[in-house]
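Asks: Here is what each chain is made of, one letter per residue.
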Amino acid sequence: MALDRPELIHLTAREAGLVACRRCTRVWPLGTARCARCGGQLVSRDPRALSRVWAWWAAGVLAYIPANLWPMLSTRTLFSTEEATIIGGAVELWQYGNPGIALIILVASVGIPIAKFLAIAFLALSSRRGSRTSPARRMQLYEIVEYIGRWSMIDVFVVAILASLVQLNVVARIDPGPASLAFALSVIFTMLSAQAFDPRTIWDGIEDRARDPA
Amino acid sequence: MADGTGNFADTALDGLIACPECDALYRAAEVAHGQRAICARCHTVLISPRRHAGMAIISLALAAVVLVLGALWFPFLRIDRLGFSQEASLWQVATSFVGGPLLAVSVAVTAAILVLPLVRAMLLLYTLGPIVFDRPPARQAARAFRLSESLRPWSMAEIFAIGCAVSLVKIADLAQVSLGPAFWMFAGLVVVTIAQDRLVDRWSVWRSIDPS
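These protein sequence lines are chains A and B, in that order. When we follow numbering that gives the first Met the number 0, the leftmost residue of the first sequence carries the number 0, and every step to the right adds one. When we follow numbering that gives the first Met the number 0, the leftmost residue of the second sequence carries the number 0, and every step to the right adds one.
If you are wondering where the hints come from, they were derived from the structure by calculation, not from laboratory data. We treat Cβ as the ideally placed atom computed from N, Cα and C, and that holds for glycine. Careful, some of the hints might be misleading.
Unchecked claim - Stretch-level coverage of chain B by chain A, calculated; a stretch enters the list once three of its residues show a Cβ under 8 Å from a Cβ in chain A:
#, stretch
1, 185-196
2, 199-207
Stated by the list, open to error - Beyond 12 Å from chain A on every Cβ pair, some chain B residues (computed):
#, residue
3, 32
4, 52
5, 54
6, 100
7, 125
8, 131
9, 135
What the hints assert, rightly or not - Derived Cβ-Cβ restraints for the label pairs, each shown as a range:
#, chain 1, residue 1, chain 2, residue 2, range
10, B, 133, A, 57, 49 to 57 Å
11, A, 79, B, 103, 28 to 36 Å
12, B, 74, A, 106, 13 to 21 Å
Bound conformation, chain A alone (with noise of 0.2 Å):
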């Protein structure tokens, strides 16, 4: 890969010979295990932290799938009882002439968790194998990750203010359903994942391939 932008080789901490607490900043000698300063564990590059990032990530894939077969909430009213799954709540939604809202559940619940898996695999493979994609591209890509994780959660909170609220005794009532679990696991497996990427890595071995334009 040509680097096309030069002033991005920087000189890092681990070669300077020091390991740099991820925590306070703080930098010790290579070898130091535990920052005198914060008390975080000090890894300079942790070589288990990609089969973390693995496990926690597909601990993830697997809770989103029965997040989304099963039932998210279930509404009963008068004469009916509905169940409804993430998506098929959206839909709705979309039908009722809410087409906003339901774009907003899709995104935070379908879309945003998706991409996440998508990004958080590049990421880790393209930290082992390398990529054509330049390190400032991938290290926003992880930013974005970091930051929008979280947001996932609105489906469970709206689930929850549903639930807690609309219990009008036989006019109306929603309880929620078993896939607010596997979702909200799901949400903190993906968040894990991504805590587990040491983003440093992204970094690593930018000299060489600036100067070995392979």
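Since the structure of chain A is provided, determine the placement of chain B on it from the hints.
Replies: Coordinates of chain B only, in the frame set by chain A:
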């Protein structure tokens, strides 16, 4: 801060700063109030001191504690339809998943919208309180701030606020909705939490509680 290419051998270790996201090494410099030092290659904010930030953070953290407790106490939302009405407190919203495994969701929601914002505000008070009043840092200050930082992504008050907006639109067709005092307190909590997180300059905090 600028100088990232020079020789670092002559600089003491505590005068250096490494980007937590990309490992680039810099010589730390005094940054003027209101200015920010940003990593030259990945643009992570490294240092961002603000004047009187300590006092502001403490006031906001205190406000957050009061708002969480108040939001728990007062009614949150209420709906009416065909003569039936139902009121829910924030506590009822958080614990609306009952029955078997769904209980775990109640625990997670309670933590995300009530417990963690409260705990983070109290940890910040514990960490920064003594420093702002020119006293030696609390004994467990480093541990407290470390915990507060690692809880940050899991504290989801602002996401819950968007969830409220979505639910209100959903219910509006079904019934008449009225907002209780707790609703406005929670809205206040969201604003306070965001302001608080923006004010905290991690580098300054760590330096001020450094035991050495």
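Asks: Please go over all the hints and tell whether each is borne out by the structure.
Replies: Outcome of the hint check:
1. 185-196: It is violated: at least three residues are needed, and the stretch 185-196 of chain B offers just 0 whose Cβ sits closer than 8 Å to chain A.
2. 199-207: With 3 residues close enough to chain A, the hint holds.
3. 32: The claim holds: residue 32 of chain B sits with its nearest Cβ about 19 Å from chain A, beyond 12 Å.
4. 52: holds, 17 Å
5. 54: holds, 22 Å
6. 100: Not fine: 6 Å to the nearest Cβ puts residue 100 of chain B too close to chain A.
7. 125: The assertion about residue 125 of chain B holds, with a minimum of 15 Å to chain A.
8. 131: holds, 19 Å
9. 135: holds, 15 Å
10. B/133 <-> A/57: 49 to 57 Å: Since residue 133 of chain B and residue 57 of chain A have Cβ atoms about 51 Å apart, the given range 49 to 57 Å holds.
11. A/79 <-> B/103: 28 to 36 Å: holds, 29 Å
12. B/74 <-> A/106: 13 to 21 Å: violated, 31 Å
Of the numbered hints stated above, those contradicted by the structure are hints 1, 6 and 12, listed in ascending order.
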